[in-house]
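Enquirer: With the sequences and hints as input, model every part of the structure.
First to last, the protein sequences are chains A and B.
At the far end of the first sequence sits residue 140, using the numbering used here, and the numbering has no gaps.
At the far end of the second sequence sits residue 1155, using the numbering used here, and the numbering has no gaps.
You can take every hint at face value.
In silico contact screen, one side only, chain A against chain B (beta carbon under 8 Å); selected entries:
hint: 1; residue: P60
hint: 2; residue: E71
hint: 3; residue: F103
hint: 4; residue: T121
hint: 5; residue: S123
Label pairs and their in silico Cβ distance ranges:
hint: 6; chain 1: B; residue 1: T916; chain 2: A; residue 2: V118; range: 32 to 40 Å
hint: 7; chain 1: B; residue 1: T1101; chain 2: A; residue 2: A139; range: 42 to 50 Å
hint: 8; chain 1: B; residue 1: E939; chain 2: A; residue 2: N31; range: 28 to 36 Å
hint: 9; chain 1: A; residue 1: K116; chain 2: B; residue 2: G1063; range: 42 to 50 Å
hint: 10; chain 1: A; residue 1: K116; chain 2: B; residue 2: E939; range: 22 to 30 Å
hint: 11; chain 1: A; residue 1: K116; chain 2: B; residue 2: Q1078; range: 52 to 60 Å
hint: 12; chain 1: B; residue 1: Q990; chain 2: A; residue 2: S126; range: 26 to 34 Å
hint: 13; chain 1: B; residue 1: Q1035; chain 2: A; residue 2: K116; range: 45 to 53 Å
No lab work stands behind these hints: they were computed from the structure.
In this text, all values refer to a predicted model and were calculated from it rather than measured experimentally.
Glycine included, every Cβ here is placed at the ideal spot set by N, Cα and C.
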Amino acid sequence: MIQTNLTHLTSEEKFNQTLKENENVMVCCGRMGPMCIPVYESMEELEPAYKHIKFADMEFDSPTGNVIRSLPETKNFNGLPFTVYFKNGKVVKATSSIQSMDQITKILDSNFAK
Amino acid sequence: MNDNHYDVIVIGAGPAGLTAGIYLARGKMKTLILNEGTVGGQMVLTHEIANYPGIEKISGFQLARTIKAQALSFGCTIKSNIRITKLEFEKSIKSVEVNGKDTYTGDAIILATGGKSRTLNVPGEEEFKGKGVSYCATCDGDFFQDKNIIVVGGGNSAFEEAVSLTKYAKSVTIVHQFDHFQAFPHAIVEAKNNPKIRFLMESKITEFNGTEKLAMVQIQHQMTKEITTMAVEGVFVLIGYEPSTQKLRGIVALNERNEIIVDQQLQTNIAGVYAAGDSITKRYRQITTAVADGTIAALSAMDYINNRNVKSATQPSQTNILLQHSELSPVIENYQLVNYLH
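Expert: Structure, rendered in structure tokens:
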């Protein structure tokens, strides 16, 4: 279980529903590990200021994690977490391994204009 | 004073900074904690903590969350994931500029900036981060099943992780810049006895190359300067930690290892500026020692502020009392005077 205050995507159905109901979605798929936790923390910090974006996490090792692991955009990734940004259900950006608050903010601002 | 003025500004929210925040806020000091990264610092990088007194086992993440909640419950203000853009400590009122626009002032400062993983700082390292370059073997080891990988480093972390990575990798090459290792002898023996591990001494990676993911590295021998290319799909950089004091250069005194120089009260070379945790000069870096440092720095900062307030409020008759106690140590003297005035 990912111990964050973010929305947990615990099934493929919930993942699909989240993409359907939200124009802008950021999903961080990882574990409770040292490279993943800073990304979750940044998402929690950013959530109140970016109300037009849905912030969610997903367990990398769960069967649901396959929806992120099997994306063409993550096929060359080999560093946790896999963070994927969706607009209208389509991937607009994906990153591998730890990202700083600045790096995440830049991606949000350039892909999900308010 | 305006809303952006605090009694104490703590820079850093690892165990030292958060503990300082708890003591300060509980001591009714208006306290601001500014943190450039994740709350908890390197503590959150620890999967399991089993040597923190009073708690049998806890994850670093959970311990950080608990200490943060404690600090907030006493009234601390915490601003994390900010960028510190300017520091001015010379005057009695210290100032900290954040994100190039907001300025906070404080009567005292506690520097608890902690440490961070060293990187190689060579071309391609950032580009291939997460696509072959990793800083965490336990996180990313299983991506390298039957691959040839490199571990960079010669300390205990490098050796322990190299042995652990042999569970997945076809081969592990330890690349080290010196002709000897810093790791404990038993760790070196264990690695040398592992048939999957080989060693490349007096060598440094100078470049990472590939297209969509890491495919090869350039390695330079430190004595001959000869550069060779090695095909490799993963590189784990495990070359230790360094104090996060780059922004403090020229502002407070640092030693040759860029650690902040402090006295027994954890005061730096500037009056009213204290330091605590992994960024100060000391031998043992543990969560427990950081917590102790945070406590000492907070109490010292409170003494400093109370002493200043006392001096500014002291009437002539009280000054006489101060003079009568002049043979006492400064700390005892301060406590007595504060108690008298209260």
